[in-house]
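*Asks:* Each chain is listed here by its residues.
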Amino acid sequence: MHHVVVERWSRRESPIHRRDARAKLVAALAMIVAIATTPATHGISAAAYSVVLLVAVFVARLPLGALVWRAALVLPFTAVFALASWLSGDPLRASALVWRSYLSAFTALLLISTTPLIELLRALEWMRVPGFVILIAQFLYRYLFVISEQAQHMRVAARCRAGEGHRLTFGGAAAALSVLFLRSYARADGIQRAMLARGFSGHFPTTIPTRFTYNDACFGALAAAICMGIRFAQ
Amino acid sequence: MHIPDGFLTPPVWVTLDAAAVPAISYLARRARTEIEDSRIPLLGVMGAFVFAAQMINFPVGLGTSGHLVGGALLACLLGPAPAAMVMTAILAIQALVFQDGGILALGANVLNMAVFGVFVGYLPYRYFAARHRRAAIFAGAFLSVSVSASMALSELLLSGVRMGTGIILVSLALFAASAIIEGLITVAAIEAIERLHPSWVRSNESTGTPAFAAVGVAAILLASFGVVFASASPDGIWKLAEQTGIASRAASLVETPFSGYSLQGISNSWMAKAGAGVAGVLLIFGVTLALGRLSRRRHVVGAERKGA
Numbered sequence: 001m002h003h004v005v006v007e008r009w010s011r012r013e014s015p016i017h018r019r020d021a022r023a024k025l026v027a028a029l030a031m032i033v034a035i036a037t038t039p040a041t042h043g044i045s046a047a048a049y050s051v052v053l054l055v056a057v058f059v060a061r062l063p064l065g066a067l068v069w070r071a072a073l074v075l076p077f078t079a080v081f082a083l084a085s086w087l088s089g090d091p092l093r094a095s096a097l098v099w100r101s102y103l104s105a106f107t108a109l110l111l112i113s114t115t116p117l118i119e120l121l122r123a124l125e126w127m128r129v130p131g132f133v134i135l136i137a138q139f140l141y142r143y144l145f146v147i148s149e150q151a152q153h154m155r156v157a158a159r160c161r162a163g164e165g166h167r168l169t170f171g172g173a174a175a176a177l178s179v180l181f182l183r184s185y186a187r188a189d190g191i192q193r194a195m196l197a198r199g200f201s202g203h204f205p206t207t208i209p210t211r212f213t214y215n216d217a218c219f220g221a222l223a224a225a226i227c228m229g230i231r232f233a234q
Numbered sequence: 001m002h003i004p005d006g007f008l009t010p011p012v013w014v015t016l017d018a019a020a021v022p023a024i025s026y027l028a029r030r031a032r033t034e035i036e037d038s039r040i041p042l043l044g045v046m047g048a049f050v051f052a053a054q055m056i057n058f059p060v061g062l063g064t065s066g067h068l069v070g071g072a073l074l075a076c077l078l079g080p081a082p083a084a085m086v087m088t089a090i091l092a093i094q095a096l097v098f099q100d101g102g103i104l105a106l107g108a109n110v111l112n113m114a115v116f117g118v119f120v121g122y123l124p125y126r127y128f129a130a131r132h133r134r135a136a137i138f139a140g141a142f143l144s145v146s147v148s149a150s151m152a153l154s155e156l157l158l159s160g161v162r163m164g165t166g167i168i169l170v171s172l173a174l175f176a177a178s179a180i181i182e183g184l185i186t187v188a189a190i191e192a193i194e195r196l197h198p199s200w201v202r203s204n205e206s207t208g209t210p211a212f213a214a215v216g217v218a219a220i221l222l223a224s225f226g227v228v229f230a231s232a233s234p235d236g237i238w239k240l241a242e243q244t245g246i247a248s249r250a251a252s253l254v255e256t257p258f259s260g261y262s263l264q265g266i267s268n269s270w271m272a273k274a275g276a277g278v279a280g281v282l283l284i285f286g287v288t289l290a291l292g293r294l295s296r297r298r299h300v301v302g303a304e305r306k307g308a
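If you're matching them up, the sequences are chains H and F in order.
First residue of the first sequence: 1, per my numbering; consecutive thereafter.
First residue of the second sequence: 1, per my numbering; consecutive thereafter.
By construction, these hints were calculated from the structure, which means they are not laboratory data.
Errors might be hidden in some of the hints.
What the hints assert, rightly or not - What follows is a list of derived Cβ distance ranges for each label pair: (1) H:Phe232 - F:Leu196: 53 to 61 Å; (2) F:Leu174 - H:Ala162: 54 to 62 Å; (3) F:Ala130 - H:Pro116: 45 to 53 Å; (4) F:Arg29 - H:Ser201: 17 to 25 Å.
Stated by the list, open to error - Some chain F residues well away from chain H (every beta-carbon gap over 12 Å; in silico): (5) Gly6; (6) Ala19; (7) Gly79; (8) Ala130; (9) Arg133; (10) Ala173; (11) Ala176; (12) Ala219.
We put the beta carbon where it would ideally sit given N, CA and C, even for glycine.
Modelling step: build the complete structure from the supplied sequences, incorporating the hints.
*Replies:* This is the structure in structure tokens:
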């Protein structure tokens, strides 16, 4: 299974990649809040946010086409509700739903494409998100691909045994799920023993000390100021 | 049903985020006391398992297939507080990495799926599984999905997303169908896991008082579906409140402390709707917390009596 492409993007090198995760988190939150609170009638503000995001993509040297396509994953869900709003005679809200959800998803995508998830989770911990949740999320992300790969191996194995056209029955799917559970559980046991043997005490040690520099502060303040400027400009 | 950003209006997402913070920190503290620090990797791997388990398609007839959502399954395997933590972590990863669900809407999604979804998914198992095991697991999974979905729908309606009554009825029917599928999958999965290793599914020797659980489930169902229907009707929840006579009492309750000020803002119907809905959500939250506390105290007292 190919790993999530943002994982590769987030480890690139650019002026935005170099910024502290906390500054980027603040900037992204400012953008998403500004988008969420802009009145539906201000279509021109949506264009301004798009320009800011495009500049950020350019500075971060990320592939624009791939980002635009990936952020579009939010559109099928949005389209259903936009259509419902349109049909009940509210085209303004319908268009606002589309640009708000798309630009917010694009902002979140830009954040994760310029910040490794581990650093982002650390920034969330700095924002007082309970450490317990952060720790579970870290483990979850570490083993997500391992377990998904296992599920895919099982699917291939089932196909090898039963032929291409064969489909699982309901009970068969339940059995597959329970075997996947068993293997995940056994793996978790192994992981736990290995980590205890290496002295795991319930916290990940931080190897790279994070420093919040003057540049980081400037970046966060500038981004927040631009977002709020667009938000309150008439 | 993950709500993306841009759907909820600021009063709705601010309130839900504000409500999710104490809920999660309370549940995190509870989960910490139940799970040793060294067992945390297990919770992470269980989250990854739920992610991967969603790749397994369950044929449900008519050429379509469903997949596991997982709230009730996790609750039966890990217990409610750790399950809520795992679901929260799943939702956070989905929002941050996969843009599945919004960042500002994370509080709403966490309350819908990780807090209430897991809680109602666990209640029937907790109180009825001793006698009607299959039915209890099925009911938990069914309630988990239908309550999460109807809460999401009512949050959208409170945010002014307009849907015709027909569309609402169709989506409620779809929720019911997916809730039934989730029930069937969860029962099948738990029975298959038990066949492999009986000790992995949490035992439920303490039965408690089923009436208590029934009242809790009924209250949550009424509240979550009530908001949907109330918001769908033209005058919104105020109509429901007037019909039931709550409005006059609520108005006097609200106005007494603020009698010197004018509460004109609340007469705006949209604000009233949002306010009433949010108050409803907070009320349910308070009631569930109180229920949890009470039932725990009862158990402690019961255990002491047994000990004495």
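*Asks:* All the hints need checking, so say for each whether the structure fits it.
*Replies:* Right, here's what the structure says about each hint:
About 60 Å separates the C-beta atoms of Phe232 (chain H) and Leu196 (chain F), a value consistent with the hinted range of 53 to 61 Å. Taking the beta carbon of each, Leu174 (chain F) and Ala162 (chain H) are about 31 Å apart, not inside 54 to 62 Å as hinted. Hint check: Ala130 (chain F) to Pro116 (chain H), Cβ distance near 47 Å, so the stated range 45 to 53 Å holds. In this structure, Arg29 (chain F) and Ser201 (chain H) meet the distance hint of 17 to 25 Å, their C-beta atoms being roughly 19 Å apart.
The beta carbon of Gly6 (chain F) is not kept farther than 12 Å from every beta carbon of chain H, the shortest such distance being approximately 3 Å. Every CB of chain H is more than 12 Å from the CB of Ala19 (chain F) (nearest about 15 Å), matching its label as outside the interface. No beta-carbon of chain H comes within 12 Å of the beta-carbon of Gly79 (chain F); the shortest separation is about 14 Å. Residue-level check passed: Ala130 (chain F) sits 23 Å from the nearest beta carbon of chain H, beyond 12 Å.
Every C-beta of chain H lies more than 12 Å from that of Arg133 (chain F), the closest at about 16 Å, which supports listing it as non-interface. With a least CB separation of 15 Å from chain H, Ala173 (chain F) remains clear of the 12 Å interface cut-off, as annotated. Under the 12 Å C-beta cut-off, the non-interface status given to Ala176 (chain F) relative to chain H holds; the minimum distance is some 18 Å. For Ala219 (chain F), the non-interface assignment is confirmed: its Cβ lies about 27 Å from the closest Cβ of chain H, beyond the 12 Å cut-off.
Checked against the numbered hints listed earlier, the structure breaks hints 2, 5; every other hint is satisfied.
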